[in-house]
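A.B. asks: For chain P, the structure is supplied; the task is to place chain F on it using the hints.
Protein sequences appear in the order of chains P and F.
At position 320 of the first sequence the residue is numbered 320 (the working numbering), and the sequence of numbers has no breaks.
So the mapping is simple: the working numbering equals the position in the second sequence, first residue as 1, plus 1000.
Derived by calculation from the structure, the hints in this document are not laboratory data.
Here the structure is a predicted model, which is why all the values come from computation and not from measurement.
Keep in mind that the hints are not guaranteed to be accurate.
With the C-beta cut set under 10 Å, the calculated list includes, among others, these residues of chain F facing chain P [said to hold, decoys possible]:
no., residue
1, Asp1002
2, Ala1003
3, Gly1162
4, Tyr1167
All residues carry an ideal CB built from backbone N, CA and C; glycine is no exception.
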Amino acid sequence: MTILCAGINHRNAALEVREKFAVGNHELQEALTRLRDIDGLFGAVIVSTCNRVEFYASSVCPLRVMDGLRQFLSTRTGGLEAPFHTQDSLLSVRHLFRVASGLDSMVMGETEILGQLKQAYQAAVEHGATNTYLNKLFQHAFRVAKQVRTETGITRGSTSVGSVAVDLAGKIFGDLSARKVMILGAGDTSERVARSMVSRGVRTVIVANRTFDRAAALADQIGGLAVHFDHWHTAFDDVDILICSTSAPHPIVTKEKLESILRTHRERPLFIIDLAVPRDVDPTVNELDNVYLYDIDSLENIARQSIGIRQAELARCESLIERHAGDFIKWMRTHPSMPR
Amino acid sequence: MDAYLLMGATFCLLLSSGYTLFQLGSGRLRPGRVNLAAMVGTFVCLSIDLWLRGQLLHSCPINSLFDVLVFMAWSTILIYFIVGSAYRLSLLGAFTSPLVLCILLVALLAPPQAPFAALGLRDPWIEFHAALSVIAYGAFALAGIAGFMYLLQDYQLKNRKGGVLLYNLPPITDLGIANTRLIWLGLGLLTISFVAGIVSGMQVNTLKFWTSATIWLAYALMVLLRQIHTLAPRRTATLSVAALAFILLTLPVIQHLSTSK
Chain P
1 MTILCAGINH
11 RNAALEVREK
21 FAVGNHELQE
31 ALTRLRDIDG
41 LFGAVIVSTC
51 NRVEFYASSV
61 CPLRVMDGLR
71 QFLSTRTGGL
81 EAPFHTQDSL
91 LSVRHLFRVA
101 SGLDSMVMGE
111 TEILGQLKQA
121 YQAAVEHGAT
131 NTYLNKLFQH
141 AFRVAKQVRT
151 ETGITRGSTS
161 VGSVAVDLAG
171 KIFGDLSARK
181 VMILGAGDTS
191 ERVARSMVSR
201 GVRTVIVANR
211 TFDRAAALAD
221 QIGGLAVHFD
231 HWHTAFDDVD
241 ILICSTSAPH
251 PIVTKEKLES
261 ILRTHRERPL
271 FIIDLAVPRD
281 VDPTVNELDN
291 VYLYDIDSLE
301 NIARQSIGIR
311 QAELARCESL
321 IERHAGDFIK
331 WMRTHPSMPR
Chain F
1001 MDAYLLMGAT
1011 FCLLLSSGYT
1021 LFQLGSGRLR
1031 PGRVNLAAMV
1041 GTFVCLSIDL
1051 WLRGQLLHSC
1061 PINSLFDVLV
1071 FMAWSTILIY
1081 FIVGSAYRLS
1091 LLGAFTSPLV
1101 LCILLVALLA
1111 PPQAPFAALG
1121 LRDPWIEFHA
1131 ALSVIAYGAF
1141 ALAGIAGFMY
1151 LLQDYQLKNR
1161 KGGVLLYNLP
1171 PITDLGIANT
1181 RLIWLGLGLL
1191 TISFVAGIVS
1201 GMQVNTLKFW
1211 TSATIWLAYA
1221 LMVLLRQIHT
1231 LAPRRTATLS
1241 VAALAFILLT
1251 LPVIQHLSTS
1261 K
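If we strip away everything but chain P, and leave its shape as in the complex, we get:
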């Protein structure tokens, strides 16, 4: 029995090519049925995400199955040529384990792919498209992904400005559900960071913008409250997280101004995220007790550090995956013929 993997991903194909090959949920059943009709193919799983379209199959005559697969794709895409990668058993198994562990993702170590793989596998099982080998292979892949995640630091830290800001907020406040966020300047980046905060439980968001309509529109979208820009400091009493991204040419939050506002803050920490260039917040504000100021550079630095940590863990992950891939191939050799 041979495990085959064929497909394209973000490494070898541009988005315009990937979207031509993508298999949507609504056409999955038909696609799996057509794959099952390929002579010599015993089982198939289709993984179709924004970064990859991959087919995993088990067969005793791999060349015939590969031809069938090419024909299937050719009819789907009207003969479009694509840099398809095809791999035999060991390479396919190793590839699936790497994909499941997030090593083959655009952002190394991301965990969303594992959920997508589980959905793809579940869909194939529901359509009766898998066999013993593929069942065993995918279950093994999920176990490997879990082990890689718990035993290495591949998911450590955050790799984007928004997620770094949310992680830091968690390291300052713990639970974010009772925290109040204020946005000064309703720009795209501050909106993204605020949305990340809301997704992590923040319930109260105040938006202040020079154009009140823009503040009102953003507040409406994220379920917040809009205030006039000139009155931002009057609404500041219970604010825990301040996100600044105005286009002001000089700092609008200074140490002196903040000191007087913080007298009513009762020693609660204040987390300031300054995304503006030029900066909205005077850097000396960070000298105040209980105030933690991060500008765009410092957030990007932490994101880069996290990527560095993840890359340093790569060798450990690969060695774990290599061991498991070897175990799986050994299992296949001891169970040579179980088509169903």
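C.D. replies: Relative to chain P, chain F alone:
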């Protein structure tokens, strides 16, 4: 037998502290079961050791500097188990084990104890006073550790340092709360122990009295000022670390004064 138990406890903590240092060096420090297992092992060894010596002495074994240090190490782990499970502060064990290890190493270096001799039954109020004082010091030790962790996390956050410590230390707000509550716990226990001492009518050396009173007053001021929002969490953390250092430095003096009384 008790020497082996003490060595066993020290060995557990050495392994745990070594493991923590190795993890820190390799950038993989994370809350783990190794520290917890080491703490459980140490606690079991110390509990048996204290029980055996208590049986021989027919009293609570806190008669020499060695005894007090071993009892304080045991108390610190006891409070860690209570607080650690209540607050779920990750890495508290990793920071507690080196302190307990240091206390045990100092105990091993302390002047040799007099041969075991049954002291007979002492006034139970004095026993209660002495035991509770040391348990209160265990709570202050944990408060100092939480304070140290607070300062470390504050440093990481202020200096925008990402990396292994930032992500694995608990949220700074939780550390501040734990620090204050542990001081309250220690202060409560120490107050009860002082009341027990007064009830027993025991004679106390003047220097010992004032040192103990200073410790009580320092912690009482800390929580009072914290309560009325005059003392910031960062300063409370700094003071709790300084107060712990003061306790550890004055403990041998107080013990010497107690035994030479």
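A.B. asks: Min Cβ distance, aspartate 1002/F to chain P: is it shorter than 10 Å?
C.D. replies: For aspartate 1002/F, the interface hint is violated, since the closest Cβ of chain P sits about 39 Å away, which is over 10 Å.
A.B. asks: Are alanine 1003/F and chain P close enough, Cβ to Cβ, to be under 10 Å, as the hint says?
C.D. replies: For alanine 1003/F, the interface hint is violated, since the closest Cβ of chain P sits about 38 Å away, which is over 10 Å.
A.B. asks: Tell me if tyrosine 1167/F is really an interface residue toward chain P, meaning its C-beta lies closer than 10 Å to one of theirs.
C.D. replies: With a minimum Cβ separation of about 6 Å from chain P (threshold 10 Å), the hint on tyrosine 1167/F holds.
A.B. asks: Hey, does the glycine 1162/F contact hint survive, CB to chain P under 10 Å?
C.D. replies: 4 Å, holds
Going down the numbered hints, you'll see the structure goes against 1, 2, while the others check out.
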